[in-house]
Amino acid sequence: MIPLLSKKKINPYQAALSEISPLAARHKKKKITRSNIELLVMVSLGIIFIAVFAYLPMFGLILAFKSGDGYLNIMDAIFKSQWAGFDNFAAFFEDPDFKDVILNTIGLNTLQLCINFPLPIIFAILLSELPWKRIRKVIQVITYFPYFLSWIIYGGIILALINSDGIVNTILINLGIVDEAVNFGEAQYFWATIIITSLLKGMGWGSIIYVAAIAGIDPQLYEAADMDGATRWHRIIHITVPSIAPTIVLFFILSVSGILNNGFDHIWTFQNQINLARSEVLDTFIYKYGVVNLQYSYTTAAGFFKSVVAIVLLGVGNFIAKKTTGNGVF
Amino acid sequence: MVVKKVYKKKQLMIGSSGRKQKKHIFDWINVIILLIFAGISVYPLFYVLAGSFSEGADYINGGIWLFPRVWSTENYQVVLNDARLWKAYGITILRTVVGTVTALIYTAVVAYAMSRPSLIGKPLIYRFFIFTMFFGGGLIPYFWVINLLGLFDNFMVYIIPGLFSVYNMLVFVNFFKTIPEEIHESAVMDGASEFKILFRIILPLSGPVVSTVALWIAVSHWNSFFDTMIYTSSENLWTLQYYLMKVINESSMPAAGVSLPYELLQKVAPETVSLAAIIISVIPIFVLYPLILKTLTKGVVIGSLKG
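So the sequences go chain by chain: A and B.
Residues in the first sequence are numbered consecutively from 1, following my numbering.
Residues in the second sequence are numbered consecutively from 331, following my numbering.
Same shape as in the complex, but just chain B (with noise of 0.2 Å):
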């Protein structure tokens, strides 16, 4: 299709001009000081990985670093046999992806709807949803509704709220305005209603707005725990998140251990065994960093304020 030689891929990995000039003091000063700071904040996910194969007894003694002094493949086994890991990983992958499916297709049918001009009273509707993101009720009137609703341990607690956002709901607004008009007249001509032009010819179109915001609520979703915490009561509801605050803040065993061999437990503590947690839970957003960085480092344009 034309329009969509028209969306050029933008290098912006890639800082100021590559202008050409000879290397000065300074930037070797500037290189140094940039190295120093990527290598702590990357420093802490070194320390985990190394925590996580050590020998418990041995890591209680700190002076682990970098690389394990005892290796150990315990605490990993510790942490996949506690079922309360399966569950959470498995409520969080639930309400990632029904989350974010859900949630891009209501607030795509909505933007799409205030990106048409012949919407009526158009300027009234826009009033009444950009009024909401500067002013709010707060916490608790925020957490009567969702009593009110039934939302309360109720796992549609993560979908419905999240289904629809103002702020992504103008970033697809301004894409699909970008879109030349004669796409929408010739399907109109074919008798195509207004949902099918969306579904098959916008959305389609829109690719690159499309997975961007597709993962802002992604990675929100697997982020969050503060709806664990405060909207819900029972463990069939705990997420990633909420499941490690757990075993991070109790330095408790994981749940399964009692029904472990006593050797095993023998050599792993809860400190290393929450590093394995850490460790798991990691590794979807580890394998999926390549994707993501490309994704919203272009994105970064489309919807400049979530940056």
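One chain only, chain A, in its complex shape (with noise of 0.2 Å):
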């Protein structure tokens, strides 16, 4: 098998930290020539970038510990207002509108995680077992062109779609499902639309990592399967999904740590005034209390918060995958 295809170089985060072992660490002792200095001028241009755009704002943080609110300037924020120490978070704690925020931020991902996690695995084992293959490849081109769309495109086509007189309500009316048309605008119609908008409009490309892994698998075992008289079903459950573990740990781990994470375009293309209660998390939050309204000591502080919670859920959705089926991201 070619390099690039091998299992093992799959994952780039492994590779990279294979590096840090103390394994790689026994190198030779590293002569200083022209082709070295040469190395460290490039690597350097990655150095200060990093050091610019990552941890120069890692400094910024402190602005979470800072009574910065209401200062035109962040520099001011920053430099010229006083400590508060712990008073943001206990801030954002006790704010009512806080909680909604992260109920909707962690009830969002929760269901992402429980429904478009699962659905491209789904998926993709559907299309592997299609006998056509003709019918498969007309499928996957055009279940994988809406990724490639903006979410002010999609977003914004879907909502014609759902208004009053739009094409769903049309159905629901004539289905007898519903008497008069739903304003699917409101509050408690939010968490469904941002499903299925993201199922209609992700799980195609969301499944061809799987698709790739399926490809993978040794036609052999399914021969072997074959002569045993396995059923199609034994022959999924026991061949495919057993092959394709790995992948699946993986995704879910980094599923898991960006639990707080909610995709701005997504969630601000079908936010509205009305739905505000179920539709506001906090990258929303953030932008708006923040940007719009300058309170930066306390989005920061809800930020560093967010940063906080998916870095510890990382170490333990790696630590429980590691423990239980012996594949982690680390």
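Simulated from the structure, these hints should not be mistaken for lab results.
Just so we're clear, the structure is a prediction, and the values are computed from it rather than from any experiment.
Treat the hints with caution; some may be incorrect.
Stated by the list, open to error - Simulated DEER-style distance windows between Cβ atoms: (1) A:52 x B:618: 29 to 35 Å; (2) A:183 x B:359: 33 to 39 Å; (3) A:254 x B:525: 32 to 38 Å; (4) B:624 x A:80: 54 to 60 Å; (5) B:522 x A:233: 54 to 60 Å.
Stated by the list, open to error - Now the stretches of chain B that chain A is said to cover, found in silico as 3 or more residues with beta-carbon under 8 Å: (6) 491-504; (7) 516-524.
Ideal Cβ placement from N, Cα and C applies to all residues, glycine included.
From the two separate chains plus the hints, produce the assembled complex.
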């Protein structure tokens, strides 16, 4: 097999972390040569970039421990404001609005994890079971397309389809499911809208990695199973699923760590004044209160909280996955 | 070159092996479910197409699902007369092209250095990079840095913050490492500098990974609107998506409408005009879709995490 496609190389994180491992440190002492200096110059581009765009903002996190709300200039908020200790964190835990924000953020993501995570896997398995190659290809080409459209576009169209005289309401009324047009812009429908639209736009493309993993399964396994008289269900459960399990675990851990990370574009497109109670998530909250209302410290604290939770979840998810399946990101 | 032959294409569009089997009732149910899903996910595009070619007054009455009842091209005339659309188009094309090319070069240079065994301090630098994949300062501190660098309301805010990404770097590094070391050694014997080796030898051998990463970057440039919304304030810097957001959300007639003849404006509605604007902005993605699909389905193995 060519090196690029070998299973070990599939995870850049693992490859990168293997560099850090003590084994990698067994190199001989490196001499300083012209080529070495050239390499250092090259890598310094990356170091400077990351220092400015990743570590400098981390320094900016001190805003979370200052009372910098209301300053016009973030610079002043950082350097001229008073220290506030953990007041900002205490403030948002007491804020009744913030409880809703956290509930929406975690609720939406948990739903996504339970529905939008497994469905692309099932979709990939169903695709691979299709005996008609041409139809399979047509379905792939069609369902991958919406992924490349922005949420502004795709969501904008969906909004036209679900408004009071749109096709969705027309169908529902004609089938007798509802008596009069449903206003899908109301808060109670927001979560369902997000889940369903993210499936429509992303399930096709989301399945591609599993399609690739299934394509890599040794056909002899299936042939042997057929000889033994395995049914299709048996083949799926005993060959397909175990073969793609490492891929599933890897993506599951990464999804868990993103539990406080709603796609801003997606939420923003469907959010309106009526559904705020169910549609305000951390990302939109931070944008509105921070950038628009200038509550710099308050929202930086909220963002800090989010980063910490994400990194803890990543560690926990990885630990559990390693204990139970032997596969982890690290 | 020898190396090029190694990277044979693998058909990933095909699912599991082409097993021979009798068609079963399951197959029929399966294909129906999948076709229905495919139909629903692509239907919105047909709807937009129909709406954009409909007469405004007729569209408002509703009931246009697949084909326009009263055919009209006036929506396109209005939209194409909107100077803001052309400006936004220009900005978007410019940021996509410049942003993609510069990001590829910048990232490849760093990745090349990181892929060399002789780089001094590599484990430390790796840690320095990877930590930032999992922890960051968040929106407000980032916004501060953008201001600090004078990037606010500056075209460069579309280019500079996107120059480098640790993830893309790792993808490049993984690929560079699969290139045989002998190639590097012989180039060094010929007295080539590291820069020269990267641009003359390594990059030309890295076609698949370069095109995959290039498309990831290009698509995200084309579709981004968040940076316009938060890091810019002047209309001169509107990108296509931001323009669309304005046109769709406000349901207002594009500004150029004022100078258009009355007969033309009578035949359009804000809704149908915005549908026409959507179609015009999707055309490039639609035209390039075969290329995008071909490149990225191959690239799925190159950087599985982006999938």
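Hints and how they fare:
For residue 52 (chain A) and residue 618 (chain B), the hinted distance range of 29 to 35 Å is satisfied, since their beta carbons lie about 33 Å from each other. A C-beta distance of roughly 34 Å is found between residue 183 (chain A) and residue 359 (chain B), which places it inside the suggested range of 33 to 39 Å. Against the hinted window of 32 to 38 Å, the Cβ-Cβ separation of residue 254 (chain A) and residue 525 (chain B) comes to about 35 Å, which satisfies the hint. Taken as a hint, the range 54 to 60 Å holds for the pair residue 624 (chain B) and residue 80 (chain A), whose Cβ atoms sit roughly 55 Å apart.
Restraint check, residue 522 (chain B) to residue 233 (chain A): a C-beta distance of roughly 58 Å satisfies the suggested window 54 to 60 Å. Residue count for the stretch 491-504 of chain B with a Cβ under 8 Å from a Cβ of chain A: 10. That meets the three needed, and the coverage hint holds. Under the rule that three or more residues need a Cβ within less than 8 Å of chain A, the assignment of the stretch 516-524 of chain B holds, with 3 such residues.
Checked against the numbered hints given earlier, the structure satisfies every one of them.
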